[in-house]
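Chemist: As you go down the protein sequences, you meet chains A and B in turn. Using this note's numbering, read the first sequence as starting at 408 and increasing by one per residue. Using this note's numbering, read the second sequence as starting at 47 and increasing by one per residue.
Hints were generated in silico from the structure; no laboratory data involved. Any given hint might turn out to be false.
With a straight-line Cα cutoff of 20 Å, these simulated SDA-like cross-link-like pairs (lysine to any residue) come out [to be verified]: (1) Lys107/B - Leu610/A; (2) Lys108/B - Arg560/A; (3) Lys108/B - Ile577/A; (4) Lys108/B - Asn429/A; (5) Lys107/B - Asn429/A; (6) Lys107/B - Asp494/A; (7) Lys108/B - Asn612/A; (8) Lys478/A - Ile455/A; (9) Lys454/A - Lys529/A; (10) Lys108/B - Leu533/A; (11) Lys108/B - Gln594/A; (12) Lys510/A - Asp434/A; (13) Lys108/B - Val578/A; (14) Lys486/A - Asn429/A; (15) Lys107/B - Arg580/A; (16) Lys108/B - Arg559/A; (17) Lys551/A - Gln639/A; (18) Lys108/B - Gly569/A; (19) Lys107/B - Gln639/A; (20) Lys107/B - Ile614/A; (21) Lys108/B - Glu587/A; (22) Lys529/A - Gln639/A; (23) Lys107/B - Glu587/A; (24) Lys478/A - Arg503/A; (25) Lys107/B - Gln594/A; (26) Lys108/B - Pro567/A; (27) Lys107/B - Ile455/A; (28) Lys108/B - Pro522/A; (29) Lys454/A - Asp494/A; (30) Lys107/B - Ser566/A; (31) Lys510/A - Asn429/A; (32) Lys107/B - Arg606/A; (33) Lys107/B - Lys478/A.
Listed next, the stretches of chain B that the computed footprint assigns to chain A, with coverage defined by at least 3 CB atoms under 8 Å from CB atoms of chain A [what the hints assert, rightly or not]: (34) 58-67; (35) 108-117.
Small disclaimer: the values here were computed from a predicted structure and weren't measured. Ideal Cβ positions, reconstructed from N, Cα and C, are used throughout, including at glycine.
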Amino acid sequence: MTLPSLFGDGELPEELSVAELNRRARDAVEGEFGGAVFVRGELVEFKIWRSGHWYFTLRDADASVRCMLWKQQAAGVLKRHGQPPSDGMEVLVRGRPSLWEEKGEYRLTASDIIPTELLGAKAQELERVRAALTADGLLDPARKRSLPPFARRIAVVTSPDGAALRDIIIVARNRWSAVEIVVVGAQVQGEGAATSLARALGLVNRIDGVELCIVGRGGGAKGDLDAFNAEQVCRALAAVRVPTISAVGHETDVSLSDLVADARAATPSAAAEMAVPDGAAVVQRVDGFGVRLAAGLRRRTRVAEERLVRTGDRLQGALARLIEARRSRVERVAAQLDALSPLRVLARGYSVAQDDDGRVLSHAADFSSGRPFRLRVSDGTVPARAE
Amino acid sequence: MPKPTPEPPSLQDDLRRLEDIVRRLEAEDADLDAALVLFEEGVVRLRAARERLSEAEARVKKVVEQADGSLGLVDLEG
Chain A
408 MTLPSLFGDG
418 ELPEELSVAE
428 LNRRARDAVE
438 GEFGGAVFVR
448 GELVEFKIWR
458 SGHWYFTLRD
468 ADASVRCMLW
478 KQQAAGVLKR
488 HGQPPSDGME
498 VLVRGRPSLW
508 EEKGEYRLTA
518 SDIIPTELLG
528 AKAQELERVR
538 AALTADGLLD
548 PARKRSLPPF
558 ARRIAVVTSP
568 DGAALRDIII
578 VARNRWSAVE
588 IVVVGAQVQG
598 EGAATSLARA
608 LGLVNRIDGV
618 ELCIVGRGGG
628 AKGDLDAFNA
638 EQVCRALAAV
648 RVPTISAVGH
658 ETDVSLSDLV
668 ADARAATPSA
678 AAEMAVPDGA
688 AVVQRVDGFG
698 VRLAAGLRRR
708 TRVAEERLVR
718 TGDRLQGALA
728 RLIEARRSRV
738 ERVAAQLDAL
748 SPLRVLARGY
758 SVAQDDDGRV
768 LSHAADFSSG
778 RPFRLRVSDG
788 TVPARAE
Chain B
47 MPKPTPEPPS
57 LQDDLRRLED
67 IVRRLEAEDA
77 DLDAALVLFE
87 EGVVRLRAAR
97 ERLSEAEARV
107 KKVVEQADGS
117 LGLVDLEG
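Looking at chain A on its own, in the form it has when it is part of the complex (with noise of 0.2 Å):
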């Protein structure tokens, strides 16, 4: 007997293995999540078997789901919380929903639980807050501004007594010079830090010709991060009227302030890096601009006095004293890009330090100990070594 004198006419469906059902079952399952999820319930019928893997379920008021978790993390839950979950407890589980094969079981594979009284006050806290800084749109990427080129002032609100603070001078220095750097004192950390910041934030809109405002602090210990989490500061960075720089100077946690900041710099130093330009660059483009409008002019003379000679048998006394005060004004700006030249920096005073290959040497880290190197001066080369 064939199938479709068993089942009738009309479009077969195709026929599977029960090892082929699952397994396209799974992949639909593991698709449709794409990666780990974070799904809260109460944690119910736990239990550690022999091997050392955990099963338990989580539920909610509507539904459960069987999950597990393999012995390998398990030692990691344990690390982390410091003691197996237990029957009833409301719980945070990271995993990857799936389907067990050899059953046709769909079920969660945990990767962690978080009890979420661990979560704490502070986390809700952090929740709400995001949740009412996303409701107005200040965590929102188009709101973000660009940074000013060359800003002229910049507001720095941190500790006057901080790490952060020395390190964003000595860069700034460092890079470039024509920069005020205005430090509005704040408390970073500790009791009170929060509304000494949303302050200090707030006296920045009344500095006159502030371009650019960078707020942070050195790294420290994760608690000592909260107050760039506070809402009051979150909205006093997003009501500065300049473009603002967050670096509350931690690699790993990302603040609220880092994100309603028009940029994030993960260290103080790195802050600096994006407030002023690289003045060394600027030099060498302002440089270039000087050698590119004298060769630019250069060839344009020389189209014109080749123009010239060609017709020049029939030029009539006028025209010839008009070239001629043509040529004298083309000597006369072509004196003044000698005044341009960096050989007449040079002749100022000021040192060129150059590698062999000729390349400037415009920073500290240029000259590691015992480094030659050749020190460019108005009329010739000196040799030189850093010590």
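Following the hints, position chain B against chain A.
Modeler: Coordinates of chain B only, in the frame set by chain A:
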């Protein structure tokens, strides 16, 4: 869309204009008179840019609040 930054500083203006001037000077179709005008403006802009670049060392100031609530700036040893 990113919001525009406030009033562009003049060094930025000078560099932008210089870029524009050298491009036009390098273009084939500028006549000599126009080239001279461009060149002379370029020299002025170049000098202004250099002056700005050789300004005194970066200054560090500190905001202080006066008794009447206004803000003042004092030098900070940094």
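Chemist: Next step is simple, just say for each hint if it's right about the structure.
Modeler: Results of checking the hints against the structure:
1. Lys107/B - Leu610/A: Status holds; Cα separation ~14 Å.
2. Lys108/B - Arg560/A: holds (12 Å)
3. Lys108/B - Ile577/A: holds (16 Å)
4. Lys108/B - Asn429/A: Violated: Lys108/B and Asn429/A sit about 69 Å apart, past 20 Å.
5. Lys107/B - Asn429/A: Since the Cα atoms of Lys107/B and Asn429/A sit roughly 70 Å apart, the hinted pair is violated (cutoff 20 Å).
6. Lys107/B - Asp494/A: Answer violated: Lys107/B to Asp494/A is near 60 Å, above 20 Å.
7. Lys108/B - Asn612/A: holds (15 Å)
8. Lys478/A - Ile455/A: Distance ~9 Å between Lys478/A and Ile455/A Cα, so the pair holds.
9. Lys454/A - Lys529/A: violated (31 Å)
10. Lys108/B - Leu533/A: Between Lys108/B and Leu533/A the Cα gap is close to 32 Å, so the pair fails against 20 Å, i.e. violated.
11. Lys108/B - Gln594/A: holds (15 Å)
12. Lys510/A - Asp434/A: holds (15 Å)
13. Lys108/B - Val578/A: Holds. Lys108/B to Val578/A sits at ~18 Å (cutoff 20 Å).
14. Lys486/A - Asn429/A: violated (35 Å)
15. Lys107/B - Arg580/A: The given pair, whose Cα atoms are some 13 Å apart, holds under the 20 Å limit.
16. Lys108/B - Arg559/A: Given that 20 Å is the threshold and the Cα spacing comes to 15 Å, the pair holds.
17. Lys551/A - Gln639/A: holds (19 Å)
18. Lys108/B - Gly569/A: holds (14 Å)
19. Lys107/B - Gln639/A: Violated. Lys107/B to Gln639/A sits at ~26 Å, over the 20 Å cutoff.
20. Lys107/B - Ile614/A: holds (12 Å)
21. Lys108/B - Glu587/A: holds (10 Å)
22. Lys529/A - Gln639/A: Answer holds: Lys529/A to Gln639/A is near 16 Å, not above 20 Å.
23. Lys107/B - Glu587/A: holds (7 Å)
24. Lys478/A - Arg503/A: holds (16 Å)
25. Lys107/B - Gln594/A: holds (18 Å)
26. Lys108/B - Pro567/A: Holds, because 9 Å separates the two Cα atoms, which is no more than 20 Å.
27. Lys107/B - Ile455/A: The hint is violated at about 63 Å.
28. Lys108/B - Pro522/A: Violated - the C-alpha atoms of Pro522/A and Lys108/B are around 47 Å apart, more than 20 Å.
29. Lys454/A - Asp494/A: holds (9 Å)
30. Lys107/B - Ser566/A: With a Cα-Cα distance of about 14 Å, the restraint between Lys107/B and Ser566/A holds, given a limit of 20 Å.
31. Lys510/A - Asn429/A: With a Cα-Cα distance of about 9 Å, the restraint between Lys510/A and Asn429/A holds, given a limit of 20 Å.
32. Lys107/B - Arg606/A: Judged against 20 Å, a Cα distance of about 18 Å means the pair holds.
33. Lys107/B - Lys478/A: violated (59 Å)
34. 58-67: With 5 residues closer than 8 Å to chain A, the region 58-67 of chain B meets the three-residue bar; holds.
35. 108-117: Held - the region 108-117 of chain B has 4 residues with a Cβ nearer than 8 Å to chain A, which meets the minimum of three.
The structure fails hints 4, 5, 6, 9, 10, 14, 19, 27, 28 and 33 (numbered hints given earlier, in ascending order).
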